[in-house]
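Student: If you're matching them up, the sequences are chains A and B in order. Going by the numbering used here, 15 is the number at position 15 of the first sequence; the sequence numbering is gapless. Going by the numbering used here, 70 is the number at position 70 of the second sequence; the sequence numbering is gapless.
Quick caveat, the hints were computed from the structure, so don't treat them as lab data. One thing to keep in mind: the hints can contain errors.
Stated by the list, open to error - What follows is a set of in silico ranges between Cβ atoms, one per label pair, in the way DEER data are often shown:
1) K152(B) - Q12(A): 39 to 45 Å
2) L65(A) - P279(B): 33 to 39 Å
3) G47(A) - T234(B): 37 to 43 Å
4) H63(A) - E185(B): 25 to 31 Å
Unchecked claim - Negatives, chain B to chain A, calculated, CB over 12 Å:
5) E74
6) Q77
7) R183
8) I208
9) K217
10) R229
11) P249
12) K263
13) V350
Unchecked claim - In the SDA-like style, the derived pairs of lysine to any residue whose C-alpha atoms are separated by at most 25 Å in a straight line are:
14) K125(B) - Y35(A)
15) K228(B) - V82(A)
16) K295(B) - M49(A)
17) K228(B) - N25(A)
18) K125(B) - Q64(A)
19) K33(A) - V214(B)
20) K250(B) - E72(A)
21) K267(B) - E73(A)
22) K250(B) - N25(A)
23) K28(B) - G333(B)
24) K250(B) - E108(A)
25) K200(B) - G62(A)
26) K83(A) - V214(B)
27) K295(B) - N81(A)
28) K228(B) - A79(A)
29) K33(A) - P123(B)
30) K49(B) - Y35(A)
31) K83(A) - P126(B)
32) K263(B) - Y35(A)
33) K125(B) - N25(A)
34) K195(B) - E72(A)
35) K83(A) - P123(B)
36) K195(B) - G44(A)
37) K71(B) - K267(B)
38) K263(B) - T7(A)
A virtual CB, placed ideally from N, CA and C, is assigned to each residue, including glycine.
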Amino acid sequence: MIDITITIIDRQGVSHEINAPTDMNMNLMEVVKSYELAPEGTIGVCGGMAMCASCQCYVESGHQLPVISDDEEAMLSEAFNVKTTSRLGCQIQMNPEMDGLKVELAPEC
Amino acid sequence: MIKTDILIIGAGPTGLFTVFEAGLLKLKCHLIDALPIPGGQCSEIYPKKPIYDIPAFPEILAGDLVDNLMKQIEPFQPGFTLGERAQTIEALEDGSFIVTTSKGTRHQAPVVAIAGGLGSFEPRKPLIASIEKFEGNGVEYIIRDPEFYRSKKVVISGGGDSALDWCIFLSDIAESVTLVHRRNEFRGALDSVEKAQELKNTGKIEIITPAEIVDLKGETNIEGVVIKRENIETTVACDHFIPLFGLSPKLGPIADWGLEIEKNAIKVDNTLDYQTNIPGIYAIGDVNTYPGKLKLILCGFHEATLMCQSAYKRIFPDKRYVMKYTTVGGVEGFDGTKKEAPKAVIKAIV
Ligand SMILES: Cc1cc2nc3c(=O)[nH]c(=O)nc-3n(C[C@H](O)[C@H](O)[C@H](O)COP(=O)(O)OP(=O)(O)OC[C@H]3O[C@@H](n4cnc5c(N)ncnc54)[C@H](O)[C@@H]3O)c2cc1C
Ligand code: FES
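Just chain B, same shape as in the assembly:
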C-alpha cells in the first residue's frame, strides 16, 4: 500500500503543480496516471506546439512547460504510479480513502485530488469485430516493453509518429515487422519517414499501403490479420497486432465514484476550495465544472493552489498556518535542498 498526504489522480499540468503548492505546506503527494509519462494533454496531444497564455511566458512549448513543472516539483519528491488507471475508491472510517488502479496497486491518503483533465487517455480501437476477443491475446494498443516482441512476428497499423517510430524500433527486435496504413503518406517527423523508407528498401520491414486490416484470425491467441488492399484480401501470419491510432480521453471509472457529474465533468464548490460533493475529494483543472469554468492551464494552477490550503486544514484541523511568499520563506525540499532569496547586503560606508 502506497501512503501519502494528497493522492493526485492525473499527472497533467494541474496535478503536477499541486505537488509544488502542497510541498510548500509540507504535504507529500503521489500521482497516478494512465499514461506512461507525466504531462497530460501537453505531453500526449501537443508536446511540440507553443502555448502563448502562460503568465510571464510569452511563448513556451507544451513539452517544455511539463519539463519545467517536473523540475519545479523535484525537491518535493512526488511518487508516481504511471501507466495505470485509477479504478475504484473506498472511503475508510478514519476519513481517508483507498484508491486502487487497473493493475491492483493500492494507494491510501486522507485527501484525494482528481486532476483527471478530459479523462484518462485510452487507446482508440479500430472497428474490427473480433478485436476485443484478442485483447491480451496478441492485440496490444500500447507498447510497454519492447522486449516482449523479441523474435515475434508483429503487425502494426496506423499512419502517425508512434506507428512509424515503433516500426523502426521493433525492426531490430522482432522477427518481422509489417506496417499497414490506409494511405501511402505518413504523418511523422521527416527523419522517421525517411528511416522507415530505408528499412523498407532494405527489406527489414514490410509496408503495405493503401490497405486496411479488416479481420483477425486465430483460436485463443491471434495467428494472423486479414489485410484488404485494392479490394483483395490476404492473410498475413503474426503473433502480435498493434493498432496505433492515438489515444482519446474518457472520464471512465471516476464517473461511478458517486461524485456529482455535469457535462462530463465533476461539479465542485468554486466559491471555496474546489471540493466535490464528497468531503475530502477535490476536483481541479479541466476535470471540474462550475459556473464560468474555463479549461485553461492557468485556471488549473489557481485551483490547485486554493485546494492545497483547504487540504491542509482538513489534514491538520487544529494547526494554525498563514500563507508565506516563496521569496520570503524560500523553498525547503523534502530532499534536504533549500532555495532562498539572497540576504540583503548591509555594510557601512565610511
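This is chain A alone, in the form it adopts within the complex:
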C-alpha cells in the first residue's frame, strides 16, 4: 500500500497535513470526509458525481491534475465562489502523482 501526503486547508483556514491511501479508489472529497475535515452533510452531497459542487476546492500546488471533464466544467459554471484554481474534489483521484498536493476547501453554500 502506498500512502501519499497531502495538505488540506479547511473552511476555517486551518491547515492539515494528512496521509491518503492510493490503493482504495478514493478521491479527494472522500479523503476530506474520512478525516472529517468538513462537517457531515456539507461535503459530498451528491456522492461524488460532479452534481453538487459541495466538494469545490482551490488547488494551491502546481500539480498536473486530471483534465476537467465536461460534467465538472458544467457544474463549476453553476457553482458559487469559483476561482481560476477551482476544482471538484470528487473528480481528483488519489494516486502517487498527487503526493504533496495542497488544496483549500471552498466555502459551504
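With chain A held as given, fit chain B with the ligands onto it using these hints.
Tutor: Only chain B with the ligands this time, still in chain A's reference frame:
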C-alpha cells in the same frame, strides 16, 4: 388540523417505506416534504441514475425505486403536505405533537418520525448582495405555479435541466423570457437544449451567454437585473428573476427542536427502536446517527420497520401484537383492497 397516527417528516425512500410498515400495523401516516414531489435525494439528485445495492434488484433507477415505493404504499392511503417545510414542533399534555409547516399547515400525531435525510432541500442562492431584499417581491427560487408568470417579463439564470425546461415552458406563458448563463454550454437533455436553441432562433426567448447577473434593480419589487457580459454591464427590465441553481439540503429548523444532534444528524437509540432523546419522536434513515451508522437506503428501510413496531406499542400500550409475514397475513389496504397469497390446491387423486 391534519390528524394521523404517524407523522413522517421527509418523503424520501425511508419515509415512504414507513407508510407500508405502519400500514401493516393498521397505523395511518401523513408525510411532509419541502420538495414538491416525493422521493427525497432519489428524486431531486439522481432520478435517472441506477442503484445496484437494493436487495433483490440487481439494478434499478432511483426514480423507478420511488415509483415502486409509491405503488407499494398506495393501499395505505398516505396523506401528503408537499412543498412545505416542517418548521416547529409542540408537545401536548396528552403526549401527542403538533408540527407546523413554513406555510402554517398544522399536523397532529402521537408519534413523529423524522426521515429528513440530509435535511430539507433548499434553493442555492446566487451571491448577489441585494437578492434577499427582493425575495417574495419578484425573486423566486422555485416555480410553483407557471400561471403566476402569465404576461410577465421573466429572467432565469442557471445552466442545467430546470433552467432550460422552465425557459421552454414559460416561453408560451410569459411576455418575455431571458436566460442568462455563465457559459455557452448547457447541461440538459439533448431535446431540451435543441428546443431552447430553436426558441432562441425564432426569437421566442433570449439567451445571454457567457454572462452573469451581478445586481438587481427596483424599489420594493424587482424592476430589472444587471447583466455582466464581457465586462460590460447592461440592465434588462423584468418583473421576475428566477435563479435556478439547484437545491442543497439543510437540516434547518429541526436542529432547534431540542433533539440531540451530532455531526449534523440526530442521535438515536439504535439498540432498540431509533427513538430520539424525546420519547415519541423517532429519527430514521440518513437523518440519524449512531455508532456504525451507514447512510444507505436499505438501512433506512430496516430502521423504519423496527421504528413502526415501537410506535405501535407507544400508541397502543395495552394491545398485544405479534409480527405477521405478509405472505401469511396478506396486505389489507385502508382503501378496501386486499392482496393475499393464493390458497393451496387440495384435491384428491383417484
Ligand atoms: C448521487 C447519489 C447516489 C446514491 N446512491 C446510493 C446507492 O447506490 N445505494 C444506496 O443505498 N444509497 C445511495 N444513495 C443514498 C440514498 O439516496 C440515501 O441514503 C436515501 O435517499 C436516504 O433516504 P431518506 O429517506 O432517509 O432521506 P432523503 O432521501 O434525503 O429524503 C429526505 C427528505 O426529507 C425532506 N425534509 C428534510 N427536512 C425537512 C423538513 N424540515 N420539512 C420538510 N421536509 C424535510 C427533504 O426535502 C427530503 O426530501 C445515493 C445518494 C446520492 C446523492
Ligand atoms: S461531491 Fe458533489 S460535486 Fe463533488
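Student: Kindly indicate which numbered hints from before are broken by the structure, ordering the numbers from low to high.
Tutor: 2, 7, 11, 12, 14, 17, 18, 19, 21, 22, 25, 27, 30, 33, 36 and 37
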